[in-house]
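Engineer: Those protein sequence lines, which keep their order, are chains A and B. Per our numbering, residue -13 is the first one in the first sequence, and the count goes up by one each step. Per our numbering, residue 6 is the first one in the second sequence, and the count goes up by one each step.
Hints are computed from structural coordinates only; laboratory data are not their basis. Quick reminder that beta carbons are idealized off the backbone N, C-alpha and C, glycines included.
Residues of chain A placed beyond 12 angstroms of chain B at every Cβ, according to the derived structure:
hint, residue
1, Phe42
2, Glu52
3, Lys99
4, Arg135
5, Phe202
6, Val329
7, Ser418
8, Arg422
9, Asn424
10, Asp463
11, Glu576
12, Ala579
With a straight-line Cα cutoff of 27 angstroms, these simulated DSSO-like cross-link-like pairs (lysine-lysine) come out:
hint, chain 1, residue 1, chain 2, residue 2
13, A, Lys185, A, Lys360
14, A, Lys56, B, Lys98
15, B, Lys98, B, Lys430
16, A, Lys739, B, Lys311
17, A, Lys56, B, Lys400
The chain contents come next:
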Amino acid sequence: MHPTIPTHLCLLRRHFPAPAAGLLLTFFLGGFLGENAAAQAGAVKSAMDVSQEAFFESYCLKCHNEEKQKGKFRVDDLPFSIDSLQTAERWQKILNALNSGDMPPEEEKQPPKNAKLEFLDQLSGAMVVARKALADQGGVALLRRLNRREYKNTLRELLGVSLDVSELPADGGSGNFDTNASSLFMSSDQFEQYHSLAKDALSEAFTRFLSPPKRFHKRLETEERLEAVTRSLQKRIDARRQYVRWTKAVENAAQLPENQGLVAELRRNKGAGELSRSWEKIPGAPSPVQFGFKDVTDAEHQGLQWWDLVPFHAFYVVQPENKTGAFLTFGDNSVNHSINLGVAGWPPGQYVVRIRVAATSEATPERRFLEFGKRVHGPYSLISTHHITGTMAEPQVLEIPLTLGSNMDERGFYLCEKGAVDDDAQGNRKYSAAKRRNGIGPEFALWVDWMELESVPVAERVLPPALACLQIPLGDDAVPAGEIRGALERFTRCVFRGAPASGAHLDRLLGIYEARVKAGDKHGAALRESLAVALASPRFLFLAEPSSDKTRRALAPFELATRLSYFLWGAPPDASLVERAGRGELTRPEVLASETERLLNDPRSADFVNAFSHQWLGLDRLNFFQFNGELYPGFDLSTKKAARQEIYETFGSLLRGNGRLTSLLKSDSVVVNALLANYYGIEGVQGDEFRRVELPPGSPRGGLLGTAAVMAMGSNGEHTSPVERGAWVLRKLLHEPPPPAPPNVPQLNRLEKKLLTTQERIRAHQEDPQCANCHRKIDPIGFGLENFDAAGLWRTEDRYTKPGLGEKRWTIDPAASLHNGPAFKDYFELRDIVAGRSEGFARGFTEALLEYGLGRPCGFSDDSLVQDILARARREDFALRSFIQALVASKPFQTK
Amino acid sequence: MNLPQSRRHFLRSAGTLLALPALESLGFRRFLRAADGPRPKRMIFLGFGYGVTNETWFPDPGQTGADYTLPAGLEPLARHKADFTVVQGLVNKHSAESHWGSTFWLTGANRYGEGGSSLHNSISADQVAAAQLGQDTRFASLQLNGSDPDLAGPGHGPGLSLAWDNRGKPLAGVNNPVALFHRLFSADTAPLEQRQLALQEKRSVLDAVLQEANDLQRFLSARDNDKLDEYFQSIRDIETRLGKDEKWLGVAKPNAPLAEPRAGLAGEAEVRVMYDLLLAALQTDSTRVVTYRQPISALLSGLGIKVAAHDMSHYSPGERMIASQRRDAAQSGLLAELMDKLKAAKEPDGSSLFDHTAIAYGSNLRTVHYLDNCPTLLAGGGAGVKLGQHLVLAKNTPLCNVWLTLLRGIGVQAERHGDSTGVVKELTA
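With the sequences and hints as input, model every part of the structure.
Structural biologist: Quick look at the structure:
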């Protein structure tokens, strides 16, 4: 049974497991630049250990031999060395039959549990190795399309625009990095999307850089809202008055002697329900419509539910602070639960948002956060969350840079208190809790004086490279035909990353320009049509490196520059890198190394930090679940976002300071901002910047295991999942990934009627060999992490509720022992064990880095490269940049 | 690889015969006379990825034939019981990915069937059908997707839709009902000459990028050219489509038999509107082959179910199993509505659309991590299969045998499909 087997346990695995005991691996790796790399890859063989022959003979051969061939399947001639697709298929069939319990058949002799377990362990491990060996690309990186992220970055670098590319299909679906060439497909729809996005990008760039600068500014003085809030209060009071009049009239009709019997009956049937709800049945009772309501439901909504909100509403409008600004509230959307500003029609470009804001003396630490986001109609979309340190006496002015994109619908913005618009239920819960506490409603925590949006003045218009290279006027006025071809030539060279377009291609582009002009387009518009075609051409969309099948060659300088910048920036090389490439300097190792340093020091390396750490650690899982707001009120969307950001910032901080990779396993410090510090209960951190903070002794934080993001990923938003967590640790930290979840393993439901602790439920996994095979390795690690709740906060107790059976509470016992490994008594000891295994961690990281950087799976033929990188990293005490430098300096990185 | 330089040669080499310009093409005339001849066959493939609730979706294997009790999961289909057949015992024997309910559903391919690659696929049954049924319609086939945010979404596996082309590459799908509506029905109001000019411009765009691709491919290794071939194929596909557009230039898009859908529909409403759109596409003969990779997460949240899709698939009695069962019932209810509408849609000869449509509804995943006994429900008269049955085939009968049966049934003379070993005689008897 796998009642809680995780998604990512079962995703395509990328990594080579530490060879299981007895698994035979033969390495015959030749020189890297052999004649036939693909054939070499086949030299790594996976095999079943001969020690399993006895099992095989006892339980399989009797029926599946040359004579009998039961089910038309024979295994007597099946090689133990799994080195061909055919052999792999036959072993896969055996693995499936054992996992599903189909073999050996019930009426035949059954293997002892342990023997079956070992056989399965061996075979599933051998199959993973075989699959990897058979899929080995032999160290050859394929022609690679720009992925969605790189495509967006590339247009930003070339044209200075920030395009919404969400309509393009997401990349990297099958468990690979989004740089994996073979999973980057191309379809006709996509071609059309690229073509149309290119037109959008050019049109935005022309508008942004060529039209005369115009200042845009809009300020909302929030006290303007007071009038509407007061009006809505008056409406509520009037509605109440009407409701009271109506119910009185119904009551009067009910009092009529002839209605007495009927009414007595109604009162009995309806219990505590309002009598007025049954007005239709009472002769003489007036309709709520006569009192201005749509129907009974509307009358009760306005007369009862609204009335419940009136004390808070009334309290709000009399606050003097609301005459010069506005308090933010939640739970009642008539009373400034958000403040909205729309700027319909404003052109794309760079803007700044300013907000004058203060936290009141009643603001508790967790209520000192302001959310800023985007909303047109429909859902709120959070952009950023800010720690408010200004006071009523001295408000602060918050500045948020903002890019308006080409989607003209996205011109509405909002402010609210953190978590106020996540979902209605959560707002209502907090509102009611406050009302129970003080009789009115939530205390006012944040006050906003005004909010404004302003275009960033462009002092000097620097044309982006792809426009600058054209060197012709770009407006409406006609340009001599002779100049267009030259402009197209320069443009294609720029966007094709240094490769020249052929004369024939330029002729075609020119033809498109001329046809547009002939059809009546002005020069600029016709030019854009032609340029858009270049941006839908393969040499722009693909990172092409000319090659032959026979020999491998060193990359040309521009190609190397391109690989390097797409690796570390996800974007094309800048002028300085191009210049060095042009001078042939990148072939000098010290120059390549210093350029690598320069790229890593550039803010654009944030793309590498985020994209790599997100995919390496599998952070997409954090999006899978909505967290239960009742159980985890602190883990709102802002906090979840900050938790994810913590991983990026931690990795980024290590990269900036060239810290040790292994500090991700255990550390005396964390990288947090005020929001996350407040969530973790760390004091003294102010503001939105993530920075390194020393931890008090005994803190469970410090290292990936202590982060809210990693612990929350190991849950379903409601309960923790020790299986999920254990598998993650094996896969990402210990580099001993469990094999993919096998199909067709029998499920058992015998625990359904029992109220058990998490551990009791999960231990059932280990009864059957098919499950124990992996779960004996996975589960103990998960048990050691049970002190973190589903949202990553520390706890000592847990409970489980099952409808009809009741609730069970227990004190968490994190003690367990690793499979074939040491025992630990708690989380801290487990963390120490994990931190002690930094070699495996470093190897896993190296393989991930290689896959990301080279755009292909890491195969056995990469083993010497992995060893080389690790050797250098070890010499440099696992400093993060040593891995990157070693990869960049390696021959495979510089070879096509 | 040698690719000829001119577009027309190129097209011929791609095996596509286009008469340019050819307003009086064969297909066009056939379309105009369509009302007289025998009604064309249609196919619908509805895939729901994460399987079903084992205990309550499959009929009792002991009751086969016409006289069987509908289990709870199929109960909403009761009124159509005589018009569909449930088949048990089917498997895609190469499938071993426990979360990939759609990648190989219509292909039966072996993921590891090709050395040096970790994801191999082959043509899907719908595309085999489209090669023939798609010749006379504006769209050779339509691929629809659910709105699950993650494209490779939980339960479906890699792919851009249920459809894979003849080289085993994924075909893109539409997940937005509004966009689909416009693609099918939005009238192009520009005058004919302008539209001809627009087509011509599109062709010169394709010529330009094709030129560039040809320039590039000369410098690339065979492996890289395999990858670049996807680009060539996408251009080829657009060429084919433009050729179609040209044939259809003089034919106005059909009037929409339904209103433009509201944006942002979710849950059951989303599936229902996609069903309505696919029905409208068939009714107007805009296409004859439709696949729909249905939403999972979006359906659950639309039903107010808090359990995440993957957790649900690992149900055990309790909240998760209830979620799984509610999902089954909702899906069956929606399918029943679609069947109502197909039956109500009358063809010019008085028969119903249902009579000429082959519907397959199922998944490569049975339940939890099981890949055997793929849930399979067949309906409609298009392929002439025996309906109103509960069929329990020999264990591990290739699912592709069913696809082959349907393909033959609609008149495609395929010899085999995927790992098929023959047609399912019990369906044709």
